[in-house]
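As given, the protein sequences belong to chains A and B, one line each in that order. So for the first sequence, numbering that gives the first Met the number 0 puts the first residue at 0; every next one is plus one. So for the second sequence, numbering that gives the first Met the number 0 puts the first residue at 0; every next one is plus one.
It should be emphasised that the hints constitute simulated quantities derived from the structure, not laboratory data. A portion of the hints provided could be inaccurate.
Here are the simulated DSS-like cross-link-like pairs (lysine-lysine), alpha carbons at most 30 Å apart as the crow flies [said to hold, decoys possible]:
{"no.": "1", "chain 1": "B", "residue 1": "K23", "chain 2": "B", "residue 2": "K76"}
{"no.": "2", "chain 1": "B", "residue 1": "K23", "chain 2": "A", "residue 2": "K9"}
{"no.": "3", "chain 1": "A", "residue 1": "K9", "chain 2": "B", "residue 2": "K9"}
{"no.": "4", "chain 1": "B", "residue 1": "K76", "chain 2": "A", "residue 2": "K23"}
Just so you know, these numbers come straight off a predicted model, no measurement behind them.
Each chain, written out:
Number of protein chains: 2
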Amino acid sequence: MEYFPAPLEKLVEQFAKLPGIGGKSAQRLAFHVLGLSDQDAKAFADAILDAKQSVTCCPVCRNLTAGGLCSICASPKRDAATICVVADARDVAAMERAREYGGSYHVLHGVISPMNHVGPDDLEIKSLVERVSKSGVQEVIMATNPDTEGEATAMYIARLLKPFQVRVTRLAYGIPVGGHLEFADDATLMRALEGRREL
Amino acid sequence: MEYFPAPLEKLVEQFAKLPGIGGKSAQRLAFHVLGLSDQDAKAFADAILDAKQSVTCCPVCRNLTAGGLCSICASPKRDAATICVVADARDVAAMERAREYGGSYHVLHGVISPMNHVGPDDLEIKSLVERVSKSGVQEVIMATNPDTEGEATAMYIARLLKPFQVRVTRLAYGIPVGGHLEFADDATLMRALEGRREL
């Protein structure tokens, strides 16, 4: 495309680099920005720079924070003896939305994935082991996704934590609430049967 | 959501304001930005500010330009005696992609739409009439979209231009190239029949 003025083309290109945004969408977004007030455009640009500059990782749990300890690690109400290990900061948000969990987290920032050249050393696994070895952690809940990579990562970490005498658990598999047996895949049904409980 | 640090929340909100971007997509885009290098994040923010600041309207045709005349109005190769009237700068890009048209444009920046409180005075219609009245324009091609509002806008402008002795034409309606008769709607088929030509 060479039909738009250069600064507009550049903005379209920037939007087109974002995940899930194609050429047409990028154009629509760029035109939307042109239609913003100067103030709103500045707020947008500032939000990008500000998020990039001031969001860092919590020194304890590696969750995202605006500086210092994250709000969960800093809270005296949370149980530091239980650590829920997740792959991503978004998973922390998902767990928090459920309003059920009162412990702390550890964010791995990915899963072990040889296909994508991500090994254990690329993840926050060492910091987890250190954390478990030092403080009085009683339970580590592996809450990586129930897919091949998430599973492998959970198994790997569970093995690493064996020497520390902590309880290592895994989130339950089963039929999702509101789901239908009819539409459940074989693997899920098998796990649901395996994990059946007394009523 | 209050599970992300404030600067990240703000960025998610900014993305969620964009057209067609829902909450989940906004989150994904914001996390993508966090993953960018400082340099790339700055380039993105700069592109927003730069496009907003330096893109203006061509004083002749109201197409978007990075300052001064737009590239089409400035080109000596383009026929200034023919004006193609479009609703939006994106329509100029669409026409240019067809590589068929060698005249100039006039961008209305919208169509008459009483439902959305857009009247003739909110559009670049006055500037078009002025342009036709002054210079030696021979033909005005109405290329607004073939929907109710585009149609009404084309008719309105055609009537305004009556006194100036210029030829006012409308883009042809018909079956799109590669289309199927079977799937064409009644109105399109009717127009295609009306507009039939000798072979």
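Against the structure, the hints come out as follows:
1. Restraint check for K23 (chain B) and K76 (chain B): not satisfied, since their Cα atoms lie roughly 48 Å apart, outside the 30 Å limit.
2. Only pairs whose Cα atoms come within 30 Å are accepted, and K23 (chain B) paired with K9 (chain A) is accepted, the gap being roughly 25 Å.
3. Taken as a hint, the K9 (chain A) and K9 (chain B) pair is honoured in the structure, with Cα atoms around 24 Å apart against an allowance of 30 Å.
4. Restraint check for K76 (chain B) and K23 (chain A): the C-alpha separation of about 29 Å stays at or below 30 Å, so the hint holds.
Consistency with the previously given hints fails for number 1 only.
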